[in-house]
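Just so you know, the protein sequences line up as chains B and R, in that order.
Mapping to numbering that gives the first Met the number 0: the first sequence position 25 is 24, numbers consecutive.
Mapping to numbering that gives the first Met the number 0: the second sequence position 185 is 184, numbers consecutive.
Possibly wrong hints are sitting among the right ones.
Claimed, not checked - Straight-line C-alpha distance at most 30 angstroms; calculated DSBU-like pairs for lysine-lysine:
| id | chain 1 | residue 1 | chain 2 | residue 2 |
| --- | --- | --- | --- | --- |
| 1 | B | K28 | B | K119 |
| 2 | B | K7 | B | K28 |
| 3 | R | K357 | R | K270 |
| 4 | R | K13 | R | K357 |
| 5 | R | K357 | R | K257 |
| 6 | R | K270 | B | K66 |
| 7 | R | K119 | B | K8 |
| 8 | R | K270 | R | K182 |
| 9 | B | K39 | B | K66 |
| 10 | B | K39 | B | K7 |
| 11 | R | K175 | B | K7 |
| 12 | R | K357 | R | K175 |
| 13 | R | K228 | R | K270 |
| 14 | B | K131 | B | K28 |
| 15 | R | K119 | R | K13 |
| 16 | R | K257 | B | K39 |
| 17 | B | K7 | R | K194 |
| 18 | R | K182 | R | K194 |
| 19 | R | K194 | B | K8 |
| 20 | R | K257 | B | K66 |
| 21 | R | K71 | R | K119 |
| 22 | B | K131 | R | K228 |
I should point out that these hints are in silico values taken from the structure, not numbers from a laboratory.
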Amino acid sequence: MSDSDALKKPIPLPDADSRVYWEGANQGKFMFQRCNSCGKAQFYSRSLCSHCQGKELQWLAARGRGKVASFSVVHRAPIRAFAADVPYVVALIDMDEGFRFMCNVIHCDAQAVRIGMPVKVVFEERPGSSQKIPQVELM
Amino acid sequence: MSSKAIISGVHDTKVGALPQSTCMSLHAEAGLGAIEDAGLKASDIDGLLTAYAFTSPQLMLGSVFAEYVGMKPRVSASISMGGVTAGLLVAQAVALVESGRCRHVLCLTGDNRLTGMGEKVQAALADVGHPQYEQPYGMSVPAAFAQAAQAYMHEFGMTHEHMAAVAVNQRANAAKHPNAHMKKPITMEDVGNSKMIASPLRMLDCCLVSDGGAAVIVSAGDAARDLPKTAVRILGVGEGYTHEHIFMSPSLVDFGCKDSAATALGEAGLKHADVDCAHVYDCFSSTLLICLESMGFYQRGEAGGAALSGEFAIDGRFPLNTNGGLLSYGSSGAAGGMFHVVEAVRQLRRECGERQVKDAEVAFAHTLGGIFSGHCSIVLGRI
Chain B
0 MSDSDALKKP IPLPDADSRV YWEGANQGKF MFQRCNSCGK AQFYSRSLCS HCQGKELQWL
60 AARGRGKVAS FSVVHRAPIR AFAADVPYVV ALIDMDEGFR FMCNVIHCDA QAVRIGMPVK
120 VVFEERPGSS QKIPQVELM
Chain R
0 MSSKAIISGV HDTKVGALPQ STCMSLHAEA GLGAIEDAGL KASDIDGLLT AYAFTSPQLM
60 LGSVFAEYVG MKPRVSASIS MGGVTAGLLV AQAVALVESG RCRHVLCLTG DNRLTGMGEK
120 VQAALADVGH PQYEQPYGMS VPAAFAQAAQ AYMHEFGMTH EHMAAVAVNQ RANAAKHPNA
180 HMKKPITMED VGNSKMIASP LRMLDCCLVS DGGAAVIVSA GDAARDLPKT AVRILGVGEG
240 YTHEHIFMSP SLVDFGCKDS AATALGEAGL KHADVDCAHV YDCFSSTLLI CLESMGFYQR
300 GEAGGAALSG EFAIDGRFPL NTNGGLLSYG SSGAAGGMFH VVEAVRQLRR ECGERQVKDA
360 EVAFAHTLGG IFSGHCSIVL GRI
């Protein structure tokens, strides 16, 4: 790995299961699946429903509102690409539509984040990539 | 009862920085040590179960080992399930001997990831994160486990002091083990002053990275009479799985350990209170407290207080991780969990010297893989 590669954050590589999600992010939409059989939402997107194994799923855009289910302020980055960001927040977000996802809480004082805080989804652009990344900000 | 499998031999290598070791030399030392401990010859081993190793990322690690050491097992498999693997090797070995397919199964783990990988270990560990939904966010393994720790503090009042008490107790235990990686005593203040890694987890709340290996031989129940040492009966095993990635876990306070412990204790026909010593996977101090409560050894919010009041000490009410655990004895990949199984066997054989839990009759060993993702509980009894 070259030095400049080591400083690049991992870029998600969309696949057949996730293309709609990542293309949605590029258009400023947080896309998720809801099962036509059991009615439950799921994240991440798949070829079937992880609740009932139903095959008919519909894509919907989330409102982009949720709450912090839990979080950690990272002081030691796992790879060099994130070293300049410390301290940064890795959080689990419970979205209003009934699913959970992981992201960073950005544009805030890392020490200010608490469980239960309301958040809204934003889409982060990263240098060297055209893929926008879903993130959240405190409301 | 006598058809139940036994553990006939155990061995762990030195742990810590072992620059002269290789992944295979550690496997060989651990495996042959366990064979000698059981009073067997290498040719007596008809089943070989190995794990995985970061420093020897082989497609067929068991085959690589058998070739290295000159063994030709009749049954061989390698299981790659992260930290839970050690328990799974024992669980699968039990099935092999109790079904009659094998008589002596060598369960083998080892990794020299401290001197063999250096700084690359943390990045390799973080690679377990989902490539699309976790890795782009800089999730470290501590940060993933911290999600549950933070939730547990919020919901059940776990504190930094509770976690620190776990780390301090285990360092004191490690100081009594001749082979432990870290023996220098630490105080509550040392833990509190150690570098923050991923809140609420500080450096001394996190397990070590060590070179080391460990092995256990599971044998048919009737082999007990031929053993040079006290046989230990495997009374019950259980597994539990709820998710792979932490954001998919159905709960942040209950995990597969709840089922694995209930299954293992149920199979043994025993209750939590029958356990004389516990050897529970402790990749982080918080992980241990959360699992103890999820498994039912303590009520919600009570394990931390128990840690503070000294209940986990070797002479305490609930002796826990008497070798020092992954936090202080050593953590060598899949061998981390196997160290716990080895220590449980030694406790029941009454071989632990100043670490000995008085009159230990029943031991509970528990391994965990992923981010609370997979669990294996094993109940062991002195014959």
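The hints, checked one at a time:
1. A hinted pair counts as satisfied when its Cα atoms are at most 30 angstroms apart, and B:K28 with B:K119 qualifies at roughly 12 angstroms.
2. Pair hint B:K7 plus B:K28 holds up; C-alpha atoms about 24 angstroms apart against a cutoff of 30 angstroms.
3. Only pairs whose Cα atoms come within 30 angstroms are accepted, and R:K357 paired with R:K270 is accepted, the gap being roughly 19 angstroms.
4. Distance restraint check for R:K13 and R:K357: the Cα-Cα separation of roughly 25 angstroms lies within the 30 angstroms cut-off, and the hinted pair is therefore satisfied.
5. Our distance criterion of 30 angstroms between C-alpha atoms is met by R:K357 and R:K257, whose separation comes to about 27 angstroms.
6. For the proposed pair R:K270 and B:K66, the alpha carbon gap of about 39 angstroms is over 30 angstroms, so the pair is violated.
7. Note on R:K119 and B:K8: the hinted pairing holds, with a Cα-Cα distance of about 16 angstroms set against a maximum of 30 angstroms.
8. Simply put, R:K270 and R:K182 have alpha-carbon atoms about 33 angstroms apart, too far for the 30 angstroms limit, and the pair is violated.
9. About 19 angstroms separates the Cα atoms of B:K39 and B:K66, which keeps this hinted pair within 30 angstroms; it holds.
10. Restraint check: the Cα-Cα separation between B:K39 and B:K7 comes to about 36 angstroms, which exceeds 30 angstroms; the hinted pair is violated.
11. For the proposed pair R:K175 and B:K7, the alpha carbon gap of about 45 angstroms is over 30 angstroms, so the pair is violated.
12. With a C-alpha separation of about 15 angstroms, the suggested pair R:K357 and R:K175 falls inside the 30 angstroms cut-off, and the hint holds.
13. For the proposed pair R:K228 and R:K270, the alpha carbon gap of about 27 angstroms is at most 30 angstroms, so the pair holds.
14. For the hint pairing B:K131 with B:K28, the CA-to-CA distance comes to about 10 angstroms; that is within 30 angstroms, so the pair holds.
15. Straight-line distance between C-alpha atoms of R:K119 and R:K13 comes to about 22 angstroms, which keeps the hinted pair within the 30 angstroms bound.
16. Restraint check for R:K257 and B:K39: satisfied, since their Cα atoms lie roughly 26 angstroms apart, inside the 30 angstroms limit.
17. Between B:K7 and R:K194 the alpha-carbon distance is near 26 angstroms, which keeps this suggested pair within the 30 angstroms criterion.
18. Between the alpha carbons of R:K182 and R:K194 the distance comes to roughly 19 angstroms, so the proposed pair stays at or under 30 angstroms and holds.
19. Of the pairs offered as hints, the one joining R:K194 and B:K8 holds, with about 24 angstroms between alpha carbons and a cut-off of 30 angstroms not exceeded.
20. Distance restraint check for R:K257 and B:K66: the Cα-Cα separation of roughly 27 angstroms lies within the 30 angstroms cut-off, and the hinted pair is therefore satisfied.
21. Distance hint between R:K71 and R:K119 is unfulfilled; the C-alpha atoms sit about 34 angstroms from each other, more than 30 angstroms.
22. Between B:K131 and R:K228 the CA atoms are separated by roughly 62 angstroms; this puts the pair beyond 30 angstroms, and the hint is violated.
Hints 6, 8, 10, 11, 21 and 22 from the list above are not met by this structure, while the remaining hints are.
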